[in-house]
Amino acid sequence: MRIAVASGKGGTGKTTVATSLALSLAADGRGGEFALSPPLLLDCDVEAPNAHLFLRPRFERVWEVGIPVPQVDEAGCTACGRCAEVCAYNAMAVLGSKVLVFPELCHGCGSCARACPEGAITEVVRPIGVLRQGTAMGGIDFGHGELSVGEPMAGPVIRQLKQQIIPRPGQVVILDAPPGTSCPVVEAVRGADFLLLVTEPTPFGLHDLRLAVQVGRSLGMPMGVIINRDGIGDESLAHYCESEGIPVMMRIPFERAIARGFAQGRTLLETHPAYAPQFQEVVLQIGRRIEEAR
Amino acid sequence: MRIVVTTTTPDLDSPVDPRFGRGAYFVVVDTSTMEWQAHPNPAAAASGGAGIRAAQFIAEQKVEGVISGDFGPNAHQALTAAGVGMYLFGASSSARQVVERFKAGELESLGGPAREGRKPRG
Amino acid sequence: MKQLVILSGKGGTGKTSLAAAFAHLAREGPCPVPLVLADADVDAPNLDLVLEPRRLEEHDFVGGSTAQIVAEMCEGCGVCADVCRFEAIREEDGKFKIDPLACEGCGACFHECPAQAIRMQPQVAGRWYRSESRYGPLIHAALLPAHENSGKLVTLVKQQARLLALDGGYAGLLVDGPPGIGCPVISAAAGADLALIVTEPTVAGIHDMERILETTEHFRVPAQVCINKADLFPAGTEQILDACRRKGIGVVGCIPFDETVTEAMVRGEPVTAFDPDAPSSRAMIEIWQRLAAGLFERSAESMGECINRRERP
Chain F
36 MRIAVASGKG GTGKTTVATS LALSLAADGR GGEFALSPPL LLDCDVEAPN
86 AHLFLRPRFE RVWEVGIPVP QVDEAGCTAC GRCAEVCAYN AMAVLGSKVL
136 VFPELCHGCG SCARACPEGA ITEVVRPIGV LRQGTAMGGI DFGHGELSVG
186 EPMAGPVIRQ LKQQIIPRPG QVVILDAPPG TSCPVVEAVR GADFLLLVTE
236 PTPFGLHDLR LAVQVGRSLG MPMGVIINRD GIGDESLAHY CESEGIPVMM
286 RIPFERAIAR GFAQGRTLLE THPAYAPQFQ EVVLQIGRRI EEAR
Chain A
88 MRIVVTTTTP DLDSPVDPRF GRGAYFVVVD TSTMEWQAHP NPAAAASGGA
138 GIRAAQFIAE QKVEGVISGD FGPNAHQALT AAGVGMYLFG ASSSARQVVE
188 RFKAGELESL GGPAREGRKP RG
Chain C
4 MKQLVILSGK GGTGKTSLAA AFAHLAREGP CPVPLVLADA DVDAPNLDLV
54 LEPRRLEEHD FVGGSTAQIV AEMCEGCGVC ADVCRFEAIR EEDGKFKIDP
104 LACEGCGACF HECPAQAIRM QPQVAGRWYR SESRYGPLIH AALLPAHENS
154 GKLVTLVKQQ ARLLALDGGY AGLLVDGPPG IGCPVISAAA GADLALIVTE
204 PTVAGIHDME RILETTEHFR VPAQVCINKA DLFPAGTEQI LDACRRKGIG
254 VVGCIPFDET VTEAMVRGEP VTAFDPDAPS SRAMIEIWQR LAAGLFERSA
304 ESMGECINRR ERP
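Chain order of the listed sequences is F, A and C.
Residue numbers for the first sequence, in the numbering used here: 36 to 329.
Residue numbers for the second sequence, in the numbering used here: 88 to 209.
Residue numbers for the third sequence, in the numbering used here: 4 to 316.
Chain F on its own, in the form it takes in the complex:
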C-alpha cells in the first residue's frame, strides 16, 4: 500500500502527518488487516527535505543522481545541426562549426544522441542531487532526495528516489510530497494507492486544497483530507470536503504545544503520544477505501 501525503499549500503539515503515520505504524505490532510494521518513508520534497530532521535516520547509503546530458565528440561532428533540430528544449545550438550544449536546459531524453547521423554524441550523467537511505526511529526505513542548490529540476531526483529505494514485500510506503500542484508533486504521488491531503482551515488552505483535489482527480486516485491546525480559521473547509464527497479522516486541533514541539524538531507523537491510535486508524481507513475503490 502506497500512501502519498500532499497538500497544495506549503506549511500545512504534510511532514507532520507523514512522519506521524510512519511512527504510528512502527510503534505497535498490532495485527489487524495490514501487518502494521515499520513502513518505508520516502521524503520526496527534494528541494526542501525536512522529514529527516524529525525522524533522525542513520544514513547507511548516500549516492549521487543526475541527468544524462550530451557530450559531442568534435572529431566526429559534422555540424549538420540535426541534434539542435530535435532538441525540444533548445539545449543544443549549432553555430557555424561549433556545437554548444546548455546542460541546465537538458531533460536527458536522449533524442540528440539517437539523432546524430555520425554517432558523435554520447551521454554523460551530470549530477543534480543526492539520495540517502537509512533506518530511522522505530525501525522505519527512510529515504530522501536532496536537489543540489542551483539546479532547477526536482523531477528527475524524485523519479530516481522512487525507482531506487524499494520497499520490502508488503511494506507500507509513505510518500511525503512537495508543496504545490505541478510537476514535482505529480512525480511524487504518481503510482500511489491513496492521496492524503493535509490542509489548514484558512482561505489559503481551502483555495490550494481545491487545486490539490484536481490533481488527485486527474490521476484518478482515491482521496482523503486531514485538517491540521483545526480551529484557527472557519468551517468553509469542512463544508467543501463534505460537498465534494472527500472524507475528512482526522482533525488535529491547533495547539501552541504542538507548534513549539515542531519548532524544536519533535514529532507530533513525541509531543502527544495519544495521537498514535488515531493515525493507525487513518491507515486502516485508507486501506479500506483503497479496497472499495477497486
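Read the hints as simulated data drawn from the structure, not as lab findings.
All residues carry an ideal CB built from backbone N, CA and C; glycine is no exception.
Some hints here could point you the wrong way.
Stated by the list, open to error - Pair ranges (Cβ atoms, derived):
#1 A/Asp98 / C/Glu220: 24 to 32 Å
#2 F/Gln206 / C/Ala74: 34 to 42 Å
#3 F/Gly255 / C/Glu75: 22 to 30 Å
#4 F/Ala292 / A/Asp157: 47 to 55 Å
#5 C/Gly171 / F/Glu326: 54 to 62 Å
#6 F/Gly205 / C/Asp85: 30 to 38 Å
#7 C/Asp234 / F/Pro282: 44 to 52 Å
#8 C/Leu244 / A/Phe144: 45 to 53 Å
#9 A/Leu175 / C/Glu213: 33 to 41 Å
#10 F/Gly280 / C/Glu220: 44 to 52 Å
#11 C/Asp280 / F/Gly205: 54 to 62 Å
#12 F/Glu158 / C/Arg248: 40 to 48 Å
#13 F/Gly205 / A/Phe144: 55 to 63 Å
Since the structure of chain F is provided, determine the placement of chains A and C on it from the hints.
Chains A and C in isolation, oriented as in the chain F frame:
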C-alpha cells in the same frame, strides 16, 4: 556591414523590442545602403531556451552584430560562439534611429568572451 | 525601478501575508511607493485572495507540447515505450498510449516511431492575468493542476510585471515568490534587487532558510531575512540571528506569532489594513519602513519624517 535589431513590428521604423530571445521581429539592416528585411523571431513562442534558438537564427543570417535591450547568459554564450557582436540600444526609440546611433559608435557593446556568473535575467 | 522578491525555502512561513501587507503599506502608508505586484507562486496563487483584484486581461499559457499517439496508425511495436525515459508510455490492448501527465514533451517517441504515428501537440498549461487590485496593478497566473513548466509561467509573469512597471514609471516591483529552491524559485529570483527571505524559528524553517540563502547566493541575488512567528521558539530565533550574523546577512526584523494574521486572511484583507495596531501589523510596518527606505531610493530620514508627520496630531 549587416546588423540586426529586435523590433516590435516588422519595420525599420518600428519601436525597438527590449527582449532578444522573445522579441517579436528581427530586422536585418545593411548599414551602408540602409536596405532592410524583417523576419519574425522563430524563438518567440519557444517554451524554453528562447535566447539560444534566437541566437541560432541570428547566426544563420550571417550578420556581424545584433542590437537589443539585453541578452541573457545563454544567448550571450551562443552569440559569442557564433562570432556575432552584441550591442545595447539604451534608450527606447525606432530601429532606424538605433542603427544611426550604432553607425555613430554611440551604442554600448557587450562583445567579448562569455562572462561567467552573470545573473540570469528576470 | 527596483525589484523585491519574497522567498522562503520552506512553505507556509508567511510570504503571501507579508507581500499583501507590503502592497497595502506601499499604497496607503504614509510614504507611498508606487508598485506593480506580481504573484509568482503559480502552482498555488494566494495573493489575489487578499487583494480583491478586478481582472482586466487573461491569456492562455502554452507551456510545451505533449506527445499523442494516433491509435489507428499505431502498429504496436513499442519502440516509443523503449525510448521514453519518463515512464509516460504504456501498452494497452496491443497498442501504446501516452500518459499526458507524465509526458515531458521531449519528442523522443515522435522522432523514433517507425509508423510516424505520433503528434506533438502544444498544451495550454495555465492562464495568466493582468488585474487591478486594491493596492495597484497585479500580474498573476494559475498553472493548471498537474501541469509542468511552472518556471516558464513564473518567468512570463515577471516579464509582464517588469514591462508594466518600466512603462508605467513605477518605483518598484513586488514579487510574492513560491516555496522551494528549484526552477520556479530561480525564475522568481532572477533579476531581483533584493530577496527577502521569510523564515520561522523552527528546525525545518532554519534548515530550508539555509538552502534558499545558498540559492540566492549562487545566483548572486542580494538577500535579507525576516523572522516570522519569532516568539514561537526564541532559541530558534537566536539561532537564525547567529547564522545570519556569521554569513553577513541582514535581518530586517522579527514578526511575533499573531492570530490576527489569520483573522485578516479570513476577511480577505492584509493584516495591516485589517488591524494596524495588531502586534504583527506593527512589526510589518517597521520592516516595510526599513526595506522601502533602503530599496526605493528614499532615505531613512525621509521615511521617518513621513511616519512622524502622520503621527503628529
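Structure-based check of each hint:
Distance hint check for A/Asp98 and C/Glu220: the Cβ-Cβ separation is about 44 Å, which falls outside the suggested range of 24 to 32 Å. For the pair F/Gln206 and C/Ala74, the supplied restraint of 34 to 42 Å holds, since their beta-carbon distance comes to about 38 Å. F/Gly255 and C/Glu75 have their C-beta atoms about 25 Å apart, which keeps the hinted 22 to 30 Å range intact. Evaluation of the 47 to 55 Å hint for F/Ala292 and A/Asp157 yields a pass: the beta carbon distance comes to about 53 Å.
Taken as a hint, the range 54 to 62 Å holds for the pair C/Gly171 and F/Glu326, whose Cβ atoms sit roughly 59 Å apart. Checked against the hint of 30 to 38 Å, the pair F/Gly205 and C/Asp85 passes, with Cβ atoms roughly 31 Å apart. Between C/Asp234 and F/Pro282 the Cβ separation comes to about 36 Å, which falls outside the hinted range of 44 to 52 Å. Against the hinted window of 45 to 53 Å, the Cβ-Cβ separation of C/Leu244 and A/Phe144 comes to about 52 Å, which satisfies the hint.
One distance hint, 33 to 41 Å for the beta-carbon pair A/Leu175 and C/Glu213, holds here, with the actual separation near 37 Å. Against the hinted window of 44 to 52 Å, the Cβ-Cβ separation of F/Gly280 and C/Glu220 comes to about 47 Å, which satisfies the hint. The beta-carbon spacing between C/Asp280 and F/Gly205, approximately 58 Å, falls within the hinted interval of 54 to 62 Å. Between F/Glu158 and C/Arg248 the beta carbon distance is about 45 Å. The supplied range of 40 to 48 Å therefore holds.
Remark: the range hint 55 to 63 Å for F/Gly205 to A/Phe144 is upheld by a beta-carbon distance near 57 Å.
Violation of the numbered hints given earlier is confined to hints 1 and 7; the remaining hints are satisfied by the structure.
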